[in-house]
Structure formats: C-alpha cells, structure tokens
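Chemist: What follows is each chain in one-letter form.
Number of protein chains: 2
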Amino acid sequence: MGTHVDFWQVTGDALDFALAAVGLDDPAMRRRLMDLYLELDAYPEVPAMLGRLKAGGLATAILSNGAPAMLDAAVESARLTDSLDHVLSVEDVGIFKPDPRVYRLAADRLGVAPHEICFQSSNAWDAFAASHFGFRVVWINRFNQPPERIPGAPDRQLGDLAALPELIGLS
Amino acid sequence: MGTHVDFWQVTGDALDFALAAVGLDDPAMRRRLMDLYLELDAYPEVPAMLGRLKAGGLATAILSNGAPAMLDAAVESARLTDSLDHVLSVEDVGIFKPDPRVYRLAADRLGVAPHEICFQSSNAWDAFAASHFGFRVVWINRFNQPPERIPGAPDRQLGDLAALPELIGLS
Numbered sequence: 236m237g238t239h240v241d242f243w244q245v246t247g248d249a250l251d252f253a254l255a256a257v258g259l260d261d262p263a264m265r266r267r268l269m270d271l272y273l274e275l276d277a278y279p280e281v282p283a284m285l286g287r288l289k290a291g292g293l294a295t296a297i298l299s300n301g302a303p304a305m306l307d308a309a310v311e312s313a314r315l316t317d318s319l320d321h322v323l324s325v326e327d328v329g330i331f332k333p334d335p336r337v338y339r340l341a342a343d344r345l346g347v348a349p350h351e352i353c354f355q356s357s358n359a360w361d362a363f364a365a366s367h368f369g370f371r372v373v374w375i376n377r378f379n380q381p382p383e384r385i386p387g388a389p390d391r392q393l394g395d396l397a398a399l400p401e402l403i404g405l406s
Numbered sequence: 236m237g238t239h240v241d242f243w244q245v246t247g248d249a250l251d252f253a254l255a256a257v258g259l260d261d262p263a264m265r266r267r268l269m270d271l272y273l274e275l276d277a278y279p280e281v282p283a284m285l286g287r288l289k290a291g292g293l294a295t296a297i298l299s300n301g302a303p304a305m306l307d308a309a310v311e312s313a314r315l316t317d318s319l320d321h322v323l324s325v326e327d328v329g330i331f332k333p334d335p336r337v338y339r340l341a342a343d344r345l346g347v348a349p350h351e352i353c354f355q356s357s358n359a360w361d362a363f364a365a366s367h368f369g370f371r372v373v374w375i376n377r378f379n380q381p382p383e384r385i386p387g388a389p390d391r392q393l394g395d396l397a398a399l400p401e402l403i404g405l406s
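Top line first, the protein sequences correspond to chains A and B. According to our numbering, the stretch in the first sequence is residues 236 to 406, in order. According to our numbering, the stretch in the second sequence is residues 236 to 406, in order.
Treat the hints as calculated values from the structure; they're not laboratory data. Any given hint could turn out to be false.
As the list claims (entries may be wrong) - Restraint ranges, calculated between C-beta atoms of paired labels, are given here:
(1) D390/A - V245/B: 24 to 30 angstroms
(2) G292/B - N379/A: 56 to 62 angstroms
(3) R265/A - G404/B: 37 to 43 angstroms
(4) F331/A - C353/B: 31 to 37 angstroms
(5) N379/A - A249/B: 17 to 23 angstroms
We treat Cβ as the ideally placed atom computed from N, Cα and C, and that holds for glycine.
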C-alpha cells in the first residue's frame with residue numbers, strides 16, 4: 236500500500252486480529268505473548284557455530300525484518316551480543332524483506348559485494364529472495380519444506396546451522 | 236521482490252507448493268483444480284443486483300487481481316457478460332492489489348474521480364486499501380471477519396450484495 240510501520244506494530248496488529256478472530260479479549264495474555272518476542276532463545280547450535288565463524292576471521296551479522304528494539308532484546312536474551320558484529324534492521328530502509336533494498340543495506344553496511352555475503356535463513360522466501368539479489372545462500376530448511384516458487388535458488392540446504400562452518404571451508 | 240507474474244502463474248505455483256507440502260504428485264488433479272478457476276459461479280444475488288445497478292444508470296465493472304483470461308472465462312461461466320461494462324485486470328499495470336496503481340487504473344479507465352467509485356470486496360484487505368485510496372467502499376463481510384489493521388476504513392458493511400442497490404439510493 237506504500238505505507239510502512241515497524242515489525243513490533245505489525246506483530247501486535249496481527250495478534251489483535253487473531254485474538255478478535257477467535258473472540259478473545261485478554262489484555263494480560265496479549266501483553267505476555269508480545270513480551271515473549273523480546274526473550275527468544277537461539278537454536279542450541281548457534282552460539283558455538285558463531286564462535287567458529289568469528290575464530291575463522293569472518294564478520295557476523297543479523298539482517299532482520301524485526302524492529303531494532305526487538306532485535307536488541309532478543310540478542311541480549313540469547314546471549315549473542317559478543318558473537319555478532321552487526322545487527323541490521325530493515326527499519327533503516329523502511330521496507331520489509333524480500334524488497335531488494337534490504338539485502339542492499341547489508342552489502343552497503345558491511346562494505347562488501349553481494350556475492351561476498353553468505354546468508355542463512357530458515358524462511359524459504361527469504362533464502363530464495365536473497366539468492367535472487369546476489370548473496371550466496373544456505374537455506375536452513377529445519378522443517379523439510381518444499382522449495383518456494385519465486386525467483387532465486389539457494390546454493391545449498393542444511394537442516395540446521397551446525398555444519399555451516401565446514402560447508403564454507405572453516406575447520 | 237520487484238518482479239511480476241500473472242495470477243494464473245501465481246495460482247499454479249501456490250497449488251504446486253501446496254501439493255508438494257502434502258506429498259501429492261497428481262497432474263490430473265492439478266489440472267482439474269486449475270480448471271475450476273475458469274468456471275467459478277457468482278454468488279446467487281449477483282445477477283439481479285447488477286441488473287438493478289444498470290437499470291439505475293450506473294456503470295458496472297470488475298477490478299481484479301485475476302489474469303484477463305481467467306476473468307473472461309469466469310464472467311462467461313457465471314453468465315455476467317451483459318451485466319458488466321468493464322472487466323479490468325491488474326495485468327494492465329503489472330502489479331497486484333493493494334498497490335494504489337491498481338485502484339488508480341479503475342478511476343482512469345472509468346474516467347471518474349476515486350470518490351465517485353463505489354467499490355465492493357469480500358476481501359477485507361481489498362476493501363480497506365480501496366478506502367485508503369479514496370473509493371467509497373462497502374465491505375461485503377460474508378464470513379463475519381474482524382476488521383483489518385491496515386490504513387483505510389470501509390464506509391459500510393453488508394453480509395452480501397443483495398441490499399447494495401438500496402444502500403446507494405436505488406429503488
């Protein structure tokens with residue numbers, strides 16, 4: 236529609252719609268559900284995997300549709316602050332993935348060409364769109380989903396992130 | 236992602252994804268399901284309602300995300316050819332609703348201002364976005380859905396189209 240609000244607003248709006256659709260009006264539950272977004276755990280293999288990337292001399296970054304405050308809270312909650320060199324939010328460009336301006340933001344901020352970025356997502360649409368933009372992509376297909384029917388094609392698939400360092404040549 | 240394919244392609248892609256997700260590979264069923272899109276019925280109140288609009292001197296039009304061939308087939312199958320002055324497809328602008336360029340297409344083709352168009356949709360997102368663009372909108376809320384949380388607000392709601400002529404002042 237050509238207008239933008241951030242992911243905290245979108246998440247709350249979607250929750251309000253869902254609550255209304257099932258006839259619930261429970262402000263305490265709504266608050267609890269929203270707060271859970273601020274204390275997300277990482278998957279168990281993530282901390283060690285990030286440590287291996289950084290030990291191998293690579294820069295690490297999140298590129299997320301989440302709002303900055305959501306990302307800061309989630310990174311801190313998952314104790315990943317020291318494992319990440321950059322936490323990039325789409326709010327800096329004011330439009331959500333899969334718009335190519337978001338992927339461009341990462342290349343610009345990291346000061347590298349798109350093909351120098353190895354991008355991972357468990358969202359198939361994100362993996363395919365990032366590949367279409369020019370990133371090298373490993374689709375973390377945790378739930379054995381079928382491929383998307385959109386432009387782009389991930390270079391590789393993994394079931395989780397544990398084998399990523401080996402896949403990209405780190406010991 | 237900045238690329239566009241028409242709704243026939245999107246519909247087939249979505250069906251292929253859904254079939255793959257449940258492990259089905261049945262080309263005959265796929266063909267039958269796609270063909271059903273070409274022989275959609277109108278809701279029962281529609282022919283008489285359109286007749287009253289035209290008897291009242293109003294121009295009638297479809298403004299649809301569907302591809303032209305899909306619309307032509309569906310209009311013919313529902314025997315609405317003589318009841319419609321215009322059948323407008325988003326393919327003429329190459330982007331789907333709710334992009335405002337689609338609503339602009341209708342105003343341009345009909346040669347009227349947005350507020351001179353009375354727009355109906357049972358898709359809440361379409362009704363809200365059309366209102367945000369500037370149409371007068373009656374949301375045909377057939378399934379008693381909660382309101383969307385997006386810009387715009389339909390002027391009125393109806394459960395079906397039967398009462399539309401009276402609502403807009405026709406006898």
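Chemist: Failing hints, ascending?
Modeler: none
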